[in-house]
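Colleague: Kindly generate the complete structure, drawing on both the sequences and the hints.
Order-wise, the sequence lines are chains A and B. So the number in this note's numbering is just where the residue sits in the first sequence, counting from 1, plus 7. So the number in this note's numbering is just where the residue sits in the second sequence, counting from 1, plus 7.
Because identical chains cannot be distinguished in the list, a pair is counted as satisfied if it fits within a single copy or across any two copies.
Derived BS3-like pairs (lysine-lysine); straight-line CA-CA distance at most 30 angstroms:
no.: 1; residue 1: Lys56; residue 2: Lys92
no.: 2; residue 1: Lys137; residue 2: Lys185
no.: 3; residue 1: Lys195; residue 2: Lys290
no.: 4; residue 1: Lys137; residue 2: Lys195
no.: 5; residue 1: Lys282; residue 2: Lys68
no.: 6; residue 1: Lys57; residue 2: Lys137
no.: 7; residue 1: Lys290; residue 2: Lys68
These are computed hints drawn from the structure, not numbers from a lab.
Residues per chain are reported as follows:
2 protein chains.
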Amino acid sequence: MQSYEQSLQQTRDFLLEHDDYLVVSHVQPDGDAVSSTLAVGWLLSCLGKKYCMLNEGPIPKRMEYLWHADQILNMTLAGPDREFKHVICVDCADFQRVGLTHRYFAADALIANIDHHPTNNGYGAVNLIKPDAAATAEILFDLLQLFALEWNTDIATAIYTGLLTDTGGFRYTNTSPKVMAAVSELLKLGVNGPELAETLLEEMTLAQVKVLNRALSTLQLSPEGDVAWVHVTPEDMIACGASNEDLEGIVNYPRNIQGVEVGILFKVIHPGAVKVSLRSAGKVDVAALAQTFGGGGHTRAAGAKIEAALEEVIPQVLEEVRRYL
Amino acid sequence: MQSYEQSLQQTRDFLLEHDDYLVVSHVQPDGDAVSSTLAVGWLLSCLGKKYCMLNEGPIPKRMEYLWHADQILNMTLAGPDREFKHVICVDCADFQRVGLTHRYFAADALIANIDHHPTNNGYGAVNLIKPDAAATAEILFDLLQLFALEWNTDIATAIYTGLLTDTGGFRYTNTSPKVMAAVSELLKLGVNGPELAETLLEEMTLAQVKVLNRALSTLQLSPEGDVAWVHVTPEDMIACGASNEDLEGIVNYPRNIQGVEVGILFKVIHPGAVKVSLRSAGKVDVAALAQTFGGGGHTRAAGAKIEAALEEVIPQVLEEVRRYL
Ligand SMILES: [Mn+2]
Ligand SMILES: [Mn+2]
Numbered sequence: 008m009q010s011y012e013q014s015l016q017q018t019r020d021f022l023l024e025h026d027d028y029l030v031v032s033h034v035q036p037d038g039d040a041v042s043s044t045l046a047v048g049w050l051l052s053c054l055g056k057k058y059c060m061l062n063e064g065p066i067p068k069r070m071e072y073l074w075h076a077d078q079i080l081n082m083t084l085a086g087p088d089r090e091f092k093h094v095i096c097v098d099c100a101d102f103q104r105v106g107l108t109h110r111y112f113a114a115d116a117l118i119a120n121i122d123h124h125p126t127n128n129g130y131g132a133v134n135l136i137k138p139d140a141a142a143t144a145e146i147l148f149d150l151l152q153l154f155a156l157e158w159n160t161d162i163a164t165a166i167y168t169g170l171l172t173d174t175g176g177f178r179y180t181n182t183s184p185k186v187m188a189a190v191s192e193l194l195k196l197g198v199n200g201p202e203l204a205e206t207l208l209e210e211m212t213l214a215q216v217k218v219l220n221r222a223l224s225t226l227q228l229s230p231e232g233d234v235a236w237v238h239v240t241p242e243d244m245i246a247c248g249a250s251n252e253d254l255e256g257i258v259n260y261p262r263n264i265q266g267v268e269v270g271i272l273f274k275v276i277h278p279g280a281v282k283v284s285l286r287s288a289g290k291v292d293v294a295a296l297a298q299t300f301g302g303g304g305h306t307r308a309a310g311a312k313i314e315a316a317l318e319e320v321i322p323q324v325l326e327e328v329r330r331y332l
Numbered sequence: 008m009q010s011y012e013q014s015l016q017q018t019r020d021f022l023l024e025h026d027d028y029l030v031v032s033h034v035q036p037d038g039d040a041v042s043s044t045l046a047v048g049w050l051l052s053c054l055g056k057k058y059c060m061l062n063e064g065p066i067p068k069r070m071e072y073l074w075h076a077d078q079i080l081n082m083t084l085a086g087p088d089r090e091f092k093h094v095i096c097v098d099c100a101d102f103q104r105v106g107l108t109h110r111y112f113a114a115d116a117l118i119a120n121i122d123h124h125p126t127n128n129g130y131g132a133v134n135l136i137k138p139d140a141a142a143t144a145e146i147l148f149d150l151l152q153l154f155a156l157e158w159n160t161d162i163a164t165a166i167y168t169g170l171l172t173d174t175g176g177f178r179y180t181n182t183s184p185k186v187m188a189a190v191s192e193l194l195k196l197g198v199n200g201p202e203l204a205e206t207l208l209e210e211m212t213l214a215q216v217k218v219l220n221r222a223l224s225t226l227q228l229s230p231e232g233d234v235a236w237v238h239v240t241p242e243d244m245i246a247c248g249a250s251n252e253d254l255e256g257i258v259n260y261p262r263n264i265q266g267v268e269v270g271i272l273f274k275v276i277h278p279g280a281v282k283v284s285l286r287s288a289g290k291v292d293v294a295a296l297a298q299t300f301g302g303g304g305h306t307r308a309a310g311a312k313i314e315a316a317l318e319e320v321i322p323q324v325l326e327e328v329r330r331y332l
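Modeller: Set out below in C-alpha cells:
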C-alpha cells in the first residue's frame, strides 16, 4: 500500500494534469462535506482550472457564509450543463454517498477519492484516505501545502469549519495535536472562531428541543443534591415527534447541575422495560454501577436496560447509586 | 514599563531565590484559578522548594481530578501552620480577591502577582501581568518554559484546564493562535481533552435548568419555521429562584433550532416592560432590527427594551422580524 505522502502527491498530480473537474460530496452535506468541497474549489480556482461544485441537495443555510457556498450547485434546482471526465469526491466513504450527482460523471470518469472515514473502500482511481484524520478538511489542509498558494481568510475559514464541526467543537477524541496546530495557523489567517462555533455547533432539531423540555419537566434531585434524574416516556417521544437520536445529550442536563455527581435519564422503552443512561461528574464509576444491572460503558458514561416498570426501576437504581456516593 | 519577557525573568528569579512560598488564588476559584495554583505548586515541587497552596474556600468538586488538587488547603477547614514571607498570587486582579488568605501573609511579605486581567493594579513586589493572555494558565505556560523541566500529563492537564475554562471551550474571542498552539503541545503530553470538556464546561445551576425548562415550555415558531421565540415572566424567575445570569444562553435554544433564522427571548421585566433578546443565525442583522426599537448590539446578537405589555410586544417584534426575512 502506498504511503499518505505518496497519495498526497498522486492527488496533486491528478489536480495538475487535467483541465475540467467536478467536485462533489455526500448527500445531506455536513460542515466537513461543504468545506471540503469549497476547499477543493478554491484550490482549483487558484490553479486556473475549470471546475463545477455540486451536491445532490441544498447546502445548510448556516454555511452560506462560506466562500462561494452559493456556487455549489444544488441538483434539485439545476445540475451542471455537462458530464465530467474528472471527478473529486470528498468526505464520501463509498460511491453511494455521492447520491444522484453520479449522473454527471462520464462513463469513463476518473475519480479522486479524498476522505477520512476508516470504512472508505477505495473506490477512486486516486485514493487519498487518512483514517486518523479528524476531518476531510484536515487532509485538504495537508494537500494544499503541496502547492505554493497564498492562503487567505476564505480558505482558512473553510478548513476551520470542517475541523470544528467534525470534532464537535474540538471536544471529540479525534481532536489531535495536529488539528489544534492547524487551527492555530488558521486563526492567524483571520478566521472568526467564536462566530463559527456559535453558528455551527449549536443546532438542534425542533423535536430535540421539545423532548428536552418534556424531560426537564420531570427533573428530580436527591435530598443531598448529588443525584439528579429525568425520564422520557413513549408518549413523550410520539408527542414530540422525537427519535432516539433526539435524546442524545439530555442526560447531560441532570449531570451538569452544580453539585450533582450522577445524572440519570430513564427512558421507558415499553411499560415493562426502561433504558437507564448514567453520567458521572467523575467521583462515581458508572460503568461498575451499570454492570450491577447487566449493562456497561465507561467510567463517566454508561447504561443498562432493566426489565421492569419505571416506578420500580427508579428507586432500584437510586438505591444502587447511593451506595457509590 | 518593563516588557513581558523582563517580568517573566523577574518572576523566575523570585521563584529561585527563596525557599518557602505560599500560593493563593481568588475566592470561589474557577478553573483558571485552581489550575494556576497547581501549576505554580508543580513548578515549586520541581525546584525542590517548600510551599503551601491555599484558598479561602473549597476547590470545586469537578476539579478534584487535577494533580494535587486535594493539597490546596481550604481555610474554612484548616489553614497553614505558619505565616509566609513569599507569596504568589495567581489570577487575582487585585489584592482583595485573595479573600481571607492574606491572614497568612507576613506583614513584610513579598508578593508575586501573576495575572491576565486588564484591570490588574500591580499590587505585587513582582508583577507578571499579560492582559491579552487568555488565562493566567497561558502566562504560566510561558513561565515554565524558562525552567528546564520535564513536562508530564499532570502539569499539562492543569495548564489545559485553565485555557479550556477561561476560553469557554476555545469559543471566546480570547482563543488566540497562541492558545491553540499551546493546546496542541499539551495534547501531545497526553491530556484527555474530551473528558475535561465534558466535566468542566457544561455545569449549570439548578435555577438555570429550571428556568430553561419554563422558557422552553413557551416555545413558539412562525408558520415558516424561521422565527422561534420563548418568554420568561417575573413569576418564572421567582419560582425557579433564578437571577438574570441564569437566563444566559436561553435565547440560543430557539435560535439553534434547524431552519430558524432569528431566535428571541422576551423577558418580562414588569407588566409594562419587556427586554427583548435577539439572536440571528446569520441572515438577519439583528443589530439593525434592535435599533428600530431603540436598542442595539451586534449583527448576530442584539437586544432592546420595549415599554409595553408582553401581548403587544410579541406581535410588534415578530412583524418587524418578518420584514427582514
Ligand atoms: Mn468528515
Ligand atoms: Mn483567569
